[in-house]
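Below, each chain spelled out in residue letters.
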Amino acid sequence: MRVIRWLLWLYPAPFRERYGAEMAAVVAGDPLSVRVVIDLLGTAARLRLRQIRQTLRTFTHGRPPGLPSSRKRDEMDTIFQDLRYALRQFARRPGFTAIGVLSLGLAIGGNSLIYGMLDGFVFHPFPYPQPDRLVAIGVTFPKLSAETTYVESISPAEYFDVKRSRSFAQTASFDLGNRNISGGDVPERVFTALLLDDLFPVIGMTPALGRGFTKEELAPNGPPAAIISHRLWQSRFGGDAGIVNRAIRISGRSASIVGVMPPGLLVIGTDLWIPWGGDASSMPRNVRQFNVLARLAPGVSLSQANAELAGIARQVEQAEKAKFAEYDNWQLTATPWAAALLKDVRPAAFVLLGAVGLVLLIACANVTNLFLARASTRHRELAVRLALGAAGWRLTRLLLTESVLLAIAGAAVGLVIAWLGLSGAGALIPGQFQLLGLHAGVNGRVLAWSLALALASGLMVGFIPAIHATRTDPHESLKADSRTGTSRGGRRVRHALVVAELALSVVLLLGAGLLIRSFLNIQRVDRGFDPRGVLTMRLTLPRDRYPGEAAGAFFDHLSERIAALPGVRVVAAASQFPPMSFGDSQFDLEHRQPDGTTLPTALATVATPRFFETLRVSLRAGRFFSATDRLDTPFVAIVNQSFANRYLNGVDPLGQRVRLGSPDRQRTWLTIVGVVADSRNSGVTQPVRPEIYTPVRQQTAWNQLFVLVRTDTAPAALLPLVRQTVSALDSEQPVYMVQTLEDALATASFQQRISTLLLAIFAGVALVLAAIGIYGVMSYAVVARTQEMGVRLAIGARPRDVVWLVLAQVGKLSAFGLALGVGMLIVAGSALEGLLVDVRPMDAPTIIAVALILAVVALVAAWAPAARAARVDPITALRYE
Amino acid sequence: MPPRGNASLPVLHIMVALADGPRHGYAIKQEVERRTEGAIRLGPGTLYEAIQRLEEGGLIEETPADRIAARENGQEAQRRYYQLTDRGWTSLRLELRGLGRLVDAARTNPRLRKGLA
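Residue numbers (my numbering), protein chains in the order written: chain R, 119 to 999; chain G, 102 to 218.
Which chain R residues face chain G? A few, computed with CB under 10 Å, are given here:
id, residue
1, I122
2, E140
3, V155
4, T161
These are calculated hints, taken from the structure and not from any lab test. Just so it is clear, CB atoms sit at the ideal spot from N, CA and C, and this is done for glycine as well.
Can you build the whole structure from these sequences, using the hints too?
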């Protein structure tokens with residue numbers, strides 16, 4: 119029965135609505151046979167054809183019945199007349215129509231695709247009401263770093279400062295963490311937001327099931343309650359409608375589920391929301407682990423809010439600077455949340471949007487040229503119309519109707535391309551976005567954008583030919599007979615268009631070339647570690663079962679067990695690993711008094727002894743950690759080369775002493791026992807940060823570590839065995855964030871990867887379009903100059919000379935295009951700079967490569983017209999004189 | 102919908118089936134199959150395409166539902182029953198007359214006479 123319902127969707131809607139149910143009943147009366155299916159398919163096709171014929175008939179045989187009369191009807195009549203005329207023109211020249219529709223379709227499709235991605239990831243990434251009023255509060259501490267950070271960067275006291283602001287209708291603050299959910303077959307690790315204040319009123323959404331948090335639940339030590347995401351509800355609890363008020367265990371503690379949020383609501387990828395539960399008012403000002411979201415109060419603009427935040431920051435600076443030096447000149451910034459969260463994809467996204475815009479311009483220039491070429495063959499028709507008294511604006515409208523119709527057909531093709539592209543893009547989108555619950559697709563806005571582009575490009579394409587046509591002097595045109603459109607003005611416009619196309623293609627080619635060079639540079643960068651064959655995963659041990667030294671001991675034990683598995687070479691555990699290390703700490707050195715009270719920061723990583731061996735980071739001086747570095751032996755540290763260069767320049771790093779943490783805490787001196795080579799620890803394209811390593815077994819704070827496994831075989835294949843090993847040690851421990859180190863690297867360079875790929879595709883499309891343009895213009899020029907060629911051949915020119923004549927012209931156009939394109943890149947280069955790695959926008963090898971590509975393509979495109987010119991038979995050509 | 106001269110064979114069969122009285126789609130299909138001893142088996146698509154054309158041409162119409170609901174018991178009452186309109190009767194007679202003439206004309210050909218009653 120599902121088959122018939124599916125088949126019925128092929129039928130025109132009115133038919134389906136009227137007879138669908140009955141037809142289903144008739145099919146149900148007999149067993150379903152192939153004959154019935156064929157009958158249903160055939161009838162559907164017949165009805166659809168009839169429908170199309172009827173629609174076309176309203177265009178080609180006058181207006182449909184029932185239109186209003188009087189002037190309005192005349193108006194409608196004219197529009198229908200124009201449409202009918204345009205359709206007939208298209209039908210008469212299928213080749214012209216196909217090239218026009220495809221060129222515009224490719225270009226509009228590219229635009230819709232990129233716009234769709236921008237819409238999904240940047241403009242409207244979240245399903246919240248009025249998402250542009252939702253802001254994230256970021257902080258900048260110029261004394262510590264020039265960067266503004268939004269995630270886990272604000273202390274409760276600072277949050278309460280922000281809360282004083284009257285610019286916000288609501289504010290919320292939360293900490294991020296991971297929690298184990300158990301009770302079920304497999305324990306699960308869930309990304310969790312711990313709420314200091316209720317988050318949902320700020321976001322503007324209420325639970326789909328159950329209720330939000332109460333005041334009591336959010337208060338310190340309130341009754342334990344939890345709200346879960348729709349996807350967790352589906353995946354973990356099978357969408358059980360009776361979930362509300364059910365108790366679950368969250369990291370060993372019982373809590374009651376009070377609500378389920380609607381689908382699509384994810385906050386920075388979290389699936390579980392629980393009250394933070396502690397007493398925030400007693401926390402020190404400089405323990406910064408919270409995120410702050412706020413909704414702008416009605417009528418308050420972003421700049422007003424920022425002005426008020428600046429005032430608050432100054433007050434805090436006055437009051438607290440003496441105690442906390444980092445408040446010197448600190449800033450609080452409100453930024454639309456989407457922008458704050460996704461700021462790093464924006465430059466790439468806008469560069470790509472600019473690039474597809476250029477492709478559209480090229481396509482428009484191309485189609486304009488097609489129209490111009492055709493207009494010259496229609497010269498006489500238009501001249502007759504003008505001579506018979508047609509008003510100039512009527513002709514303009516006629517021609518614009520044609521071009522807009524063509525562009526709309528192009529938009530239809532483009533939307534199909536965009537739809538295919540966006541569905542396929544899912545595979546290219548890295549976990550970062552999937553985690554955030556973002557997706558891109560063709561929606562109303564993308565549709566509207568495509569239609570607007572179609573309209574604009576239709577008008578643009580039709581504009582020059584229309585002006586051209588109406589400027590025609592009917593007298594001259596009719597007299598001049600069939601020698602068509604050879605006016606110098608027309609030729610100049612066409613050549614200018616080809617030069618513009620070539621110039622725009624050059625810009626795209628240069629952009630793609632530079633990105634490819636950057637990409638190659640990224641691959642070539644000396645990362646300082648060997649990512650091949652390493653599997654990484656994370657484990658978090660619950661504190662209540664692994665107090666003190668137990669966590670470190672567990673990781674040591676686990677490492678030994680995994681190392682014994684077949685195919686495993688070395689195993690290590692660490693709090694973070696390159697290329698993406700974030701955890702840093704303030705430090706001070708015994709031999710050097712810090713300037714002022716604010717301490718410098720460096721990345722701080724705890725690691726087991728074989729960490730460096732696992733990553734193949736080489737030792738420059740001293741030793742690695744050893745199994746004897748324990749709580750009861752002298753405390754040691756290893757630093758990287760950058761640290762030694764920057765902070766221990768001129769002294770022997772070995773034996774120096776360093777302290778980690780902020781000055782208000784208890785700190786111990788650690789003796790530097792080794793210096794290791796640099797590895798790219800904060801992104802492959804970023805400079806290496808100074809880093810301090812300490813042994814896992816000389817601390818008790820870390821219960822959450824990554825396990826790194828270097829294998830002889832494919833690392834991913836080892837995962838089941840590793841899971842078994844973990845489960846044998848502790849069956850309640852989930853293994854999560856599993857990926858190979860190579861995948862981690864790929865994700866880190868995702869932006870470059872996808873921009874390079876897309877820009878290369880666009881440049882290719884642009885080149886093809888430009889080639890079509892050259893071909894069209896040169897073919898046309900050869901036809902228009904047939905007589906000239908004939909004369910030349912008749913008075914003794916060799917065919918080779920004629921070929922040269924054509925190629926020289928193409929060469930001149932290409933050279934112009936290249937020069938103009940390079941000039942445009944000088945202007946536009948700054949937009950690209952953020953994406954380039956170790957390449958300047960004016961890169962000679964890239965420019966030379968682009969010039970060569972351009973020369974080859976121009977030669978190929980001009981070859982056929984040139985050969986045709988050489989084959990001109992002087993006698994035939996001259997006979998027409 | 103032209104009323105005479107070019108109705109297709111399925112259409113004619115449907116109209117003849119309806120000449121006995123109102124029927125719903127499935128009953129029409131069964132009646133046609135019975136009459137032609139299974140030679141003509143209307144597929145659901147063909148059947149309702151023909152019904153649509155006949156309805157649009159005003160040759161058949163839906164029977165007012167209350168009468169049928171009273172006659173059937175419950176389950177089948179939701180099905181639509183169709184009956185010939187006055188125009189449909191006229192048209193059917195004209196079509197059959199045309200067919201009759203065709204058959205008469207065919208009879209004058211001795212080589213065809215054998216196949217005809």
